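Participant: Construct the entire structure; sequences and hints are all you get.
Residue 194 is where the sequence shown starts when you use the numbering used here, and the numbers rise one by one after that.
Hints are not guaranteed to be accurate.
Unchecked claim - Derived lysine-lysine pairs resembling PhoX-like cross-links, with alpha carbons at most 20 Å apart:
id: 1; residue 1: Lys211; residue 2: Lys231
id: 2; residue 1: Lys237; residue 2: Lys203
id: 3; residue 1: Lys237; residue 2: Lys211
What the hints contain is simulated information worked out from the structure, not anything from laboratory work.
Note that the structure is predicted; figures quoted are calculated from it, not measured.
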Amino acid sequence: GLEGNIRFAKHHRALIEKYGRFPHRNAILGRENTEDEKEYLRSKEAFLG
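Facilitator: If you want it as structure tokens, here you go:
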């Protein structure tokens, strides 16, 4: 529902604010992950949104 959509949008906004991009798209776009992005992608937070 709406609450889930808002949570999803806020999670994605936070990623853009922190990394300036979506870290989970780096591989498909041929970009290297930063150390911070690697740590994030290994975390349980990575695919919540």
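Participant: Now, for every hint given, state plainly whether the structure supports it.
Facilitator: Against the structure, the hints come out as follows:
no.	hint	in the structure
1	Lys211 to Lys231	holds, 13 Å
2	Lys237 to Lys203	holds, 17 Å
3	Lys237 to Lys211	holds, 17 Å
Checked against the numbered hints given earlier, the structure satisfies every one of them.
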